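**Student:** Sequence:
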Amino acid sequence: AWSLPKDLQLFFNRGIPTVPGTISLKKDAQNLIGISIGGGAQYCPCLYIVQVFDNTPAALEGTLAAGDEITGVNGKPVKGKTKVEVAKMIQAVQGEAMIHYNKLHADPKQGKSLDIVLKKVKHRLVENMSSGTADALGLSRAILCNDGLVKRLEELEKTAELYKGLMEHTKRLLRAFFELSQTHRAFGDVFSVIGVREPQAAASEAFVKFAEAHRNMEKYGIQLLKTIKPMLHDLNTYLHKAIPDTKLTIRKYLDVKFEYLAMGEPMYRVGTGNYEYRLVLRCRQEARTRFAKMRKDVLEKIELLDQKHVQDIVFQLQRFVSGMSRYYDECYAVLKDADVFPIEVDLSRTMINYGSQSCSFTEEEEEEEGGGSEEQDGGAGKQAENGAEKLIDDF
1 AWSLPKDLQL
11 FFNRGIPTVP
21 GTISLKKDAQ
31 NLIGISIGGG
41 AQYCPCLYIV
51 QVFDNTPAAL
61 EGTLAAGDEI
71 TGVNGKPVKG
81 KTKVEVAKMI
91 QAVQGEAMIH
101 YNKLHADPKQ
111 GKSLDIVLKK
121 VKHRLVENMS
131 SGTADALGLS
141 RAILCNDGLV
151 KRLEELEKTA
161 ELYKGLMEHT
171 KRLLRAFFEL
181 SQTHRAFGDV
191 FSVIGVREPQ
201 AAASEAFVKF
211 AEAHRNMEKY
221 GIQLLKTIKP
231 MLHDLNTYLH
241 KAIPDTKLTI
251 RKYLDVKFEY
261 LAMGEPMYRV
271 GTGNYEYRLV
281 LRCRQEARTR
291 FAKMRKDVLE
301 KIELLDQKHV
311 QDIVFQLQRF
321 VSGMSRYYDE
331 CYAVLKDADV
341 FPIEVDLSRT
351 MINYGSQSCS
361 FTEEEEEEEG
371 GGSEEQDGGA
381 GKQAENGAEK
391 LIDDF
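In this note's numbering, the protein residues as written are 1 to 395.
Note that these hints are calculated values from the structure, not bench results.
No false leads were mixed into what you were given.
Subject to a maximum C-alpha distance of 30 Å in a straight line, what follows is the list of computed DSS-like cross-link-like pairs (lysine-lysine):
no., residue 1, residue 2
1, Lys301, Lys229
2, Lys293, Lys151
3, Lys76, Lys26
4, Lys308, Lys229
5, Lys164, Lys301
6, Lys241, Lys171
7, Lys88, Lys27
8, Lys81, Lys27
9, Lys88, Lys76
10, Lys296, Lys158
11, Lys27, Lys296
12, Lys252, Lys158
13, Lys241, Lys229
14, Lys209, Lys219
15, Lys103, Lys293
16, Lys301, Lys247
17, Lys151, Lys247
18, Lys26, Lys296
19, Lys219, Lys336
20, Lys164, Lys219
21, Lys308, Lys296
22, Lys103, Lys88
23, Lys151, Lys252
24, Lys76, Lys27
25, Lys229, Lys247
Source: prediction; values computed, not measured.
Throw the hints in and build the complete structure from the sequences for me.
**Tutor:** Structural data, given as structure tokens:
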């Protein structure tokens with residue numbers, strides 16, 4: 001029987017810890033077990049599994065993996081045979097196929113060579129290039145373009161900008177309402193002081209009532225701030241925690257995707273079946289598994305984030321609109337009850353500066369200046385009456 005020289009055997013099996021084993025796989029409806037075979041005569045000393053296809057008997061069983069060596073089929077050795085002959089041997093078996101193998105226990109870290117790292121960097125660069133630039137450089141973007149998750153990342157950026165603008169607008173609005181409530185409070189204090197010092201009972205009561213209305217409006221404004229302020233906290237949580245966490249997950253997914261794509265490119269000496277290539281096959285399968293898992297996780301996280309966005313934005317806007325509506329309704333009601341105008345007050349002559357105007361007496365009053373007190377009192381009363389009519393202000 002033909003065999004490799006000892007030095008070549010050491011080269012091809014360098015550093016491979018293998019464990020022999022046997023597994024029985026029940027074939028599917030297409031009479032297949034779900035593996036792709038590589039290597040074999042006449043150039044490769046061994047036959048090995050290139051890929052285990054998803055949702056097949058081999059994948060569901062989970063024992064066989066890329067890089068494992070196939071040593072026999074149903075008790076018959078496959079040494080010296082081609083991969084086509086081994087495939088026919090498996091197809092010839094009806095029902096269950098018994099596969100004899102040597103399990104490859106490889107260290108995935110050894111498979112991340114400089115070549116893989118450079119290819120990973122190349123895919124990352126091509127991802128950010130336009131189609132025209134990539135074509136001009138001779139780089140293919142066929143497998144990378146139309147990635148829905150990359151577009152979802154762009155949508156997340158737009159959503160973040162929306163929430164950021166909404167937060168800034170809400171902050172400015174709250175600040176304006178706070179200043180308005182402080183103005184209402186100042187109005188209330190001023191009118192309260194006027195009411196306390198007003199000697200006329202009706203006018204005093206009116207000013208006090210109007211002051212109380214403004215103080216109530218200040219309370220309603222503070223209540224509105226307390227209602228809307230949690231909205232800022234919720235928006236801030238979504239903007240600075242939920243969205244960045246999803247972005248980080250997408251970036252991890254992209255890193256795994258680039259590594260998987262780098263592993264998927266044609267390797268040097270693809271048909272030799274030596275340790276390096278079988279190690280890369282194992283790394284490719286593990287990268288594909290991580291890629292599928294990360295893609296599923298990202299899709300689920302984005303779906304949950306979208307649902308939270310739809311529900312949360314509706315809830316926050318309803319909270320905002322209901323709070324504003326309640327505030328205006330309460331202010332309208334309290335001002336409607338405080339409809340105390342016009343208010344008539346008596347102002348003393350010293351409260352108004354008439355400027356260059358001087359109080360002149362009529363000729364008749366000058367002639368009667370030295371008269372009796374009854375006539376003077378009558379003239380003074382008549383003058384006060386006329387002055388009072390002029391000093392009545394309607395508020």
